[in-house]
Amino acid sequence: MPDAPVGKQYPPFEYEVGREKVREYANAVGESDPVHHDPEAARAAGFRNVVAPPMFCVVYSAGAMGPAILDPEIGINLMLMVHGGQEFQWGEPVCAGDTITTTARLADVSEKNGMTFYVFESESKNQEGQTTVKATWTNIVRAG
Amino acid sequence: MAETKLEPGTELPALTVTPDKYVPHRYAGASGDFNPIHIDPEFAKAVGLPGNILHGLYSMAQVARAATQAAGGDPRALKRLSVQFRGMGRPEAEIKVTGTVREERNGRVVVDTVAEQDGNQIIRNAEAELQI
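If you read the sequences in order, they're chains A and B. The first sequence begins at 275 in the working numbering and counts up by one. The second sequence begins at 442 in the working numbering and counts up by one.
Hints in this document: simulated from the structure, not taken from any laboratory. Quick caveat: nothing in here was measured; it's all calculated off a predicted structure. Mixed in with the good hints there might be a few duds.
[To be verified] Simulated coverage check for chain B against chain A, where a stretch passes if three residues somewhere in it have a Cβ under 8 Å from a Cβ of chain A:
hint, segment
1, 465-475
2, 496-505
3, 510-520
[To be verified] Restricting the straight-line Cα-Cα distance to at most 25 Å, the calculated cross-link-like pairs of lysine to any residue (SDA-like) are:
hint, chain 1, residue 1, chain 2, residue 2
4, A, Lys408, B, Arg543
5, B, Lys537, B, Pro491
6, B, Lys520, A, Ala336
7, A, Lys295, B, Lys446
8, B, Lys520, A, Gln404
9, A, Lys399, B, Gln558
10, B, Lys537, A, Gln363
11, A, Lys408, B, Arg565
12, B, Lys462, A, Gln363
13, B, Lys537, A, Gly358
14, A, Lys399, B, Lys462
15, B, Lys462, A, Glu294
16, B, Lys446, A, Gly320
17, B, Lys537, B, Gln558
18, B, Lys486, A, Ile350
19, B, Lys520, A, Gly304
20, A, Lys295, B, Lys462
Ideal Cβ positions, reconstructed from N, Cα and C, are used throughout, including at glycine.
Isolated chain A, as found in the complex (with noise of 0.2 Å):
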């Protein structure tokens, strides 16, 4: 823990958004709305084509944060591992046929009653280089 390495970035994760995917993802969460699901609907709303529900990003930005948690560098033990907290700051939204490019950092490592907090955070942006999401990722793990 001591020698995590804090400011460490990694590689930038391209995601395609497709209007599959935005499709099941609001199905699997109960967003109903047709801006979700009916390019016309979406269209009629504003948007270039059907929009993610916000929460979506988790799934464009798993990529980028993927490596991260899993860096043999921070030695994060999964099997102790439990999800602290989440915090999205929305910006653009998303579109299917968007493509969205995450990078991810580790911004702290703290400890606290026996448990290390490692924090992540996460930008993404779209084509146009507009940021649609900025992300901290909180981990906990107990002392093992």
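Based on the hints, put chain B in the right spot on chain A.
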């Protein structure tokens, strides 16, 4: 869509949802998170859990949905959501998301919100910022 007027002290319309037995499987497929604690009851019990548990980010998505609906349903209304995960959400039991507007500033409101299941807060200290 019915829209609640959001001002300090306003309670959000409660959102209730009972995730069926296979919601964790569908969410695993949709999100790519196939951690067996979410989809394999035997594995979950072997590591000391009461059974397979909901993905925390699925529960957070219910908080996001409640907040967005309260703002009129436009997904662009949700500007920020911050949560702490506590306890464990289970399939086949009702989740209730409630919230109260704490303050308004610059055309946005900040909402304090929680998600409860069987009397336990599975998401607590959640704060949503909505454009109104």
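Going through the hints against the structure:
no.: 1; hint: 465-475; verdict: holds (count 7)
no.: 2; hint: 496-505; verdict: holds (count 7)
no.: 3; hint: 510-520; verdict: holds (count 6)
no.: 4; hint: A:Lys408 with B:Arg543; verdict: holds (23 Å)
no.: 5; hint: B:Lys537 with B:Pro491; verdict: holds (20 Å)
no.: 6; hint: B:Lys520 with A:Ala336; verdict: holds (20 Å)
no.: 7; hint: A:Lys295 with B:Lys446; verdict: violated (33 Å)
no.: 8; hint: B:Lys520 with A:Gln404; verdict: holds (15 Å)
no.: 9; hint: A:Lys399 with B:Gln558; verdict: violated (35 Å)
no.: 10; hint: B:Lys537 with A:Gln363; verdict: holds (23 Å)
no.: 11; hint: A:Lys408 with B:Arg565; verdict: holds (21 Å)
no.: 12; hint: B:Lys462 with A:Gln363; verdict: violated (31 Å)
no.: 13; hint: B:Lys537 with A:Gly358; verdict: holds (20 Å)
no.: 14; hint: A:Lys399 with B:Lys462; verdict: violated (35 Å)
no.: 15; hint: B:Lys462 with A:Glu294; verdict: holds (23 Å)
no.: 16; hint: B:Lys446 with A:Gly320; verdict: holds (23 Å)
no.: 17; hint: B:Lys537 with B:Gln558; verdict: holds (6 Å)
no.: 18; hint: B:Lys486 with A:Ile350; verdict: holds (23 Å)
no.: 19; hint: B:Lys520 with A:Gly304; verdict: holds (20 Å)
no.: 20; hint: A:Lys295 with B:Lys462; verdict: holds (22 Å)
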